[in-house]
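**Student:** Next come the chains, spelled out residue by residue.
There are 2 protein chains.
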Amino acid sequence: MKLRIVQFTPVFGNKQENFKRLQAHADRIATEFDGADVLVFPELCTTGYFFQSNDEALNYAETTDGETVAFFRAMAHTMDALVVAGFVERAIENGEEHAYNSALIVAPGQEVRIYRKTHLFYKERHCFSDGNTGFFVVPHHRLDAKIGVMICYDWRFPESARTLGLKGADLIVCPSNLITNVWHIAMPARALENKVYVAVPNRAGEETRGLEGETVKFTGRSVIYGFQGQELAKAGDTDDEILSVEIDPAATRDKSFNPLNDIFRDRRPEMYQ
Amino acid sequence: MKLRIVQFTPVFGNKQENFKRLQAHADRIATEFDGADVLVFPELCTTGYFFQSNDEALNYAETTDGETVAFFRAMAHTMDALVVAGFVERAIENGEEHAYNSALIVAPGQEVRIYRKTHLFYKERHCFSDGNTGFFVVPHHRLDAKIGVMICYDWRFPESARTLGLKGADLIVCPSNLITNVWHIAMPARALENKVYVAVPNRAGEETRGLEGETVKFTGRSVIYGFQGQELAKAGDTDDEILSVEIDPAATRDKSFNPLNDIFRDRRPEMYQ
Numbered sequence: 404m405k406l407r408i409v410q411f412t413p414v415f416g417n418k419q420e421n422f423k424r425l426q427a428h429a430d431r432i433a434t435e436f437d438g439a440d441v442l443v444f445p446e447l448c449t450t451g452y453f454f455q456s457n458d459e460a461l462n463y464a465e466t467t468d469g470e471t472v473a474f475f476r477a478m479a480h481t482m483d484a485l486v487v488a489g490f491v492e493r494a495i496e497n498g499e500e501h502a503y504n505s506a507l508i509v510a511p512g513q514e515v516r517i518y519r520k521t522h523l524f525y526k527e528r529h530c531f532s533d534g535n536t537g538f539f540v541v542p543h544h545r546l547d548a549k550i551g552v553m554i555c556y557d558w559r560f561p562e563s564a565r566t567l568g569l570k571g572a573d574l575i576v577c578p579s580n581l582i583t584n585v586w587h588i589a590m591p592a593r594a595l596e597n598k599v600y601v602a603v604p605n606r607a608g609e610e611t612r613g614l615e616g617e618t619v620k621f622t623g624r625s626v627i628y629g630f631q632g633q634e635l636a637k638a639g640d641t642d643d644e645i646l647s648v649e650i651d652p653a654a655t656r657d658k659s660f661n662p663l664n665d666i667f668r669d670r671r672p673e674m675y676q
Numbered sequence: 404m405k406l407r408i409v410q411f412t413p414v415f416g417n418k419q420e421n422f423k424r425l426q427a428h429a430d431r432i433a434t435e436f437d438g439a440d441v442l443v444f445p446e447l448c449t450t451g452y453f454f455q456s457n458d459e460a461l462n463y464a465e466t467t468d469g470e471t472v473a474f475f476r477a478m479a480h481t482m483d484a485l486v487v488a489g490f491v492e493r494a495i496e497n498g499e500e501h502a503y504n505s506a507l508i509v510a511p512g513q514e515v516r517i518y519r520k521t522h523l524f525y526k527e528r529h530c531f532s533d534g535n536t537g538f539f540v541v542p543h544h545r546l547d548a549k550i551g552v553m554i555c556y557d558w559r560f561p562e563s564a565r566t567l568g569l570k571g572a573d574l575i576v577c578p579s580n581l582i583t584n585v586w587h588i589a590m591p592a593r594a595l596e597n598k599v600y601v602a603v604p605n606r607a608g609e610e611t612r613g614l615e616g617e618t619v620k621f622t623g624r625s626v627i628y629g630f631q632g633q634e635l636a637k638a639g640d641t642d643d644e645i646l647s648v649e650i651d652p653a654a655t656r657d658k659s660f661n662p663l664n665d666i667f668r669d670r671r672p673e674m675y676q
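Chains as they are written, first to last, in this note's numbering: chain R, 404 to 676; chain B, 404 to 676.
None of these hints come from the bench; they were simulated from the model.
No experiment lies behind these values; they were computed from the predicted model shown.
Every residue, glycine too, gets a C-beta built ideally from N, C-alpha and C.
Incorrect hints may have been included.
Claimed, not checked - Label pairs and their computed distance ranges (CB to CB):
| hint | chain 1 | residue 1 | chain 2 | residue 2 | range |
| --- | --- | --- | --- | --- | --- |
| 1 | B | D642 | R | E435 | 49 to 59 Å |
| 2 | B | S456 | R | E673 | 24 to 34 Å |
| 3 | R | K423 | B | Y675 | 30 to 40 Å |
| 4 | B | V648 | R | E673 | 27 to 37 Å |
| 5 | B | T583 | R | K423 | 42 to 52 Å |
| 6 | R | D657 | B | A654 | 33 to 43 Å |
All chains, full assembly: derive it from the sequences and hints.
**Tutor:** The structure is reproduced here in structure tokens:
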């Protein structure tokens, strides 16, 4: 399975420019990287990250009928790939308008699926509603593989990847806008403890926003880990970059490592109280 | 708080010799390492590891009234330290005799506490009963600190350390007989994701046992991690060694890292189904 992830620097608030740049990366993957079976872009990649209020986030938010889903759906169709990308989602629930920090999962012939970020980071709490989809896995449209999605700060909670692992994920993708490097300590453990591939497309660059001119600097270093926690590919810390790895989803499914131990069957949930 | 852990090579089946060598390490800690507040020895440190049957394990097993608990209780008293050590425990439950792969926790003026290994590794399944104590924390007898215990293969399950963290552990100790090095991928994550110190006294050396002469080689590299997952001290891979670190248990308790995020309060257990 051809896994491709894109480290990307969006222009804040300029969707059309970002679509153009995202498409250029996709085109390059098609021509220079032998295409993709799974293609993943960072969190909030069409708008930039550092919203200042719920109103501002809603201003850029779209439902699944909007141009953002349409853009990635067309890309998925053209590339015959399952595409995951972060965007600001708008939803009306019980008569109330919500902005979610979401990831769309689109593949040819499949309904779009939306994962809404479970754990919100810092001022995201002022801009987005807590995700309410929970963690789930999506089958690939063409290959025998299941993909689970979490977003950025979800990494901090082993329960996120664990839930996806127990639901049968072979590959966990984590579109991110990370601003530290400590996640590199935990992410390989997420792969190892669940015996799954883990791919983290992070963004690079920085954004200065708000009246106080607060700057957030994104740390890049996007990475793909194998299911033993080993690093398979890693990006630098400043530029846009494409990471390209061949993975074998079926190899993740036997969770035993000797005739008497299996890392999922050995769990004892009744002792985790 | 003076944390000392001992990488140790026992002689299989020779408790008296092992007591002598363990005492020599304790004496060295008293004289050369400024003593200890918490002192931790590896899993099954008084007997060796590679039992071949439940009968053989029971042959070395002791209740908490036995000489092993008495030995470590005297050590704890002399050093005014909380001592944790792995041993083969014998218990009669519902009229049945059990051998457990256990750790004793003794401190001056406190009842002995016993943790029974939750997740059994490989042929331990033929020798020991599944631990039934669950994970719990023990207060230090003299200092403001709570210590949680897990044993060796428990590392593979993020739920082990998570349960101890949520119960208020400042320091998780993990007496071990590890035979790989992959645990070095996960252990720093255990520290980081729970903001706790983690100390792993492993053993060194090897044991060849049984009719087929199966050999297990222990990998040493005992380690102490700070609560950001950073390595504070690490042993070599072959010899007995004492690791000595000053830690600040109170520094682990504020789980927030900005005004809007706290790694324990941000958890959403209803989403981990």
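**Student:** Please list, smallest to largest, the hint numbers that this structure does not respect.
**Tutor:** Nothing - there is no hint that the structure violates, so all of them hold.
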